[in-house]
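Student: Sequence:
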Amino acid sequence: MPILRETVTVEPYGDSAVMVSIPAPDAAARRCEIVAFRSRLLARRPHGVVDVVSGLESLLVSFDPLVTSFEHVEYAARLLAELPDSGTGAAQPARRFAIPVLFDAEAAPDLDEVAGELGLTADEAIERICRSQFSISLLAAAMAPMMDGLDTPRPVRRRAEPRTDVPAGSIMIAGVNAIIQPFPGPTGWRVVGRTPHTIVDIHRERPVSFDPGDLVRFTRIDRAGAARLDGAFLTEEGVS
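Numbering (our numbering) for the sequence shown: 1 to 240.
It should be emphasised that the hints constitute simulated quantities derived from the structure, not laboratory data.
Just so it is clear, the structure is predicted and the values come from calculations on it, not from any experiment.
For each residue, glycine too, the CB sits at the ideal point set by N, CA and C.
A portion of the hints provided could be inaccurate.
As the list claims (entries may be wrong) - Listed next, with one range per pair, are the computed distances between beta-carbon atoms: (1) L56 to R154: 16 to 26 Å; (2) E113 to T7: 36 to 46 Å; (3) G175 to R44: 27 to 37 Å; (4) D123 to H203: 36 to 46 Å; (5) L79 to D51: 39 to 49 Å.
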């Protein structure tokens, strides 16, 4: 469906980018519109546009100010918003990734506490996490996939005191969201598992295998299974 040009919000973001917001009746619908509009912008890429980065409910469109201007990018964004989907630039079908996860005490230091707060056993919490169908909303800092769709009795609270060093591959949850830590670092989210896969490899031409809009499920593995996959880059062979 085309979007009315007048309803698209395009605002300057510094001297070489614009922020595009698209109307929709709710947050989930806005995220779908953002993913689809990003695909359309990249497929038709207006002159001077360098990159298009999707957020939860907006798009950051960066451009080269030496070859184009805010006014031209704004006009192109509004024009593309009005065009009906014809296949060119339409959002690609979501791919489904099955990501193996280790849920033992070392890999999931917050699991027991989260389960207790939700009134579940640890195994029940793992079952809830693994049956959740997550949708990648955006690639956050360091290209970490941020996802929504956590199926728990209620939203999960963040840690009262952040952890200072969380291993790469850690599966972390907060609210109804999940995120995978691509590199070691701090977090205030609850660490409930770890995948042995390498999620981001900056030495590859394409550092990540997934895009906003792709779907993710976690599958439980043991230490032996994790050892067989240790460090392997997550590719399309890992999709379900």
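Student: For each hint, tell me whether it holds in the structure or not.
Tutor: These are the hints, each one checked on the structure:
1. L56 to R154: 16 to 26 Å: At roughly 21 Å between Cβ atoms, R154 and L56 fall inside 16 to 26 Å, so the hint holds.
2. E113 to T7: 36 to 46 Å: holds (44 Å)
3. G175 to R44: 27 to 37 Å: holds (35 Å)
4. D123 to H203: 36 to 46 Å: holds (38 Å)
5. L79 to D51: 39 to 49 Å: violated (19 Å)
Figure legend: structure checked against the earlier numbered hints; the only hint not met is number 5.
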